[in-house]
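Each residue of the sequence shown is one higher than the one before, counting from 8 in this note's numbering.
To be clear, the hints were calculated from the coordinates, so they are not data collected in a lab.
All C-beta atoms in this analysis are idealised placements derived from N, C-alpha and C, irrespective of residue type, glycine included.
Be careful, since some hints might not be right.
To be verified - Cβ-Cβ distance ranges computed for the label pairs, FRET-style:
| # | residue 1 | residue 2 | range |
| --- | --- | --- | --- |
| 1 | GLN11 | GLY83 | 17 to 23 Å |
| 2 | ARG79 | ARG37 | 29 to 35 Å |
| 3 | GLY17 | VAL55 | 15 to 21 Å |
| 4 | GLU10 | ALA90 | 17 to 23 Å |
| 5 | ASP58 | GLU22 | 17 to 23 Å |
| 6 | HIS94 | GLY63 | 34 to 40 Å |
| 7 | LEU97 | PRO23 | 25 to 31 Å |
| 8 | GLU10 | HIS81 | 15 to 21 Å |
| 9 | ALA91 | GLU10 | 20 to 26 Å |
| 10 | ARG79 | ASP58 | 27 to 33 Å |
| 11 | ASP13 | GLY73 | 24 to 30 Å |
| 12 | VAL12 | GLY82 | 33 to 39 Å |
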Amino acid sequence: MQEQVDLTHGMADVEPQLRLHYVTAGEGKRIAVLLHGFPQTWWQWHRVIPDLVAAGFRVVAPDYRGAGHSWRPHGGYDKRTMAADLHVLLRQHLQSA
8 MQEQVDLTHG MADVEPQLRL HYVTAGEGKR IAVLLHGFPQ TWWQWHRVIP DLVAAGFRVV
68 APDYRGAGHS WRPHGGYDKR TMAADLHVLL RQHLQSA
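Let the sequences and hints guide you as you build the complete structure.
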């Protein structure tokens, strides 16, 4: 039986027309960033998160642009732009959290 973990949901403004939804769990010094595929959301990882937290990780599971509770801008769905979104999320919003 898996142990329950506390999940924290957040929203981050990564550019003027884009707010990303993310989930965090755990307080470990090592960070595991879980990226879902299409058409999934962060929920794809809900059964993996407790094991990673138990192993000492801080887990970040974002919904990329257009998925889940993240905003759906008209453009920017190329890999480079979406990677930049995640970079801003991790470096500017979650680095010290």
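Verification of the supplied hints:
1. Range check, GLN11 to GLY83: about 36 Å between beta-carbon atoms, so the 17 to 23 Å window is missed.
2. Between ARG79 and ARG37 the C-beta distance comes to about 32 Å, which sits within the given range of 29 to 35 Å.
3. For the pair GLY17 and VAL55, the beta carbons lie near 19 Å from each other, so the given range of 15 to 21 Å is met.
4. A hinted range of 17 to 23 Å is violated for the C-beta pair GLU10 and ALA90, which are about 32 Å apart.
5. Checked against the given bound of 17 to 23 Å, the beta carbons of ASP58 and GLU22, roughly 33 Å apart, lie outside it.
6. Between HIS94 and GLY63 the beta carbon distance is about 24 Å. The supplied range of 34 to 40 Å is therefore violated.
7. LEU97 and PRO23 have their C-beta atoms about 19 Å apart, which leaves the hinted 25 to 31 Å range violated.
8. The hinted range of 15 to 21 Å is not satisfied by GLU10 and HIS81, whose Cβ atoms lie roughly 42 Å apart.
9. Between ALA91 and GLU10, the C-beta spacing of about 35 Å breaks the proposed range 20 to 26 Å.
10. Between ARG79 and ASP58, the C-beta spacing of about 31 Å keeps the proposed range 27 to 33 Å intact.
11. Between ASP13 and GLY73 the beta carbon distance is about 27 Å. The supplied range of 24 to 30 Å therefore holds.
12. At roughly 36 Å, the beta-carbon separation of VAL12 and GLY82 lies within the given 33 to 39 Å, and the hint holds.
Consistency note: the structure conflicts with the earlier hints numbered 1, 4, 5, 6, 7, 8 and 9.
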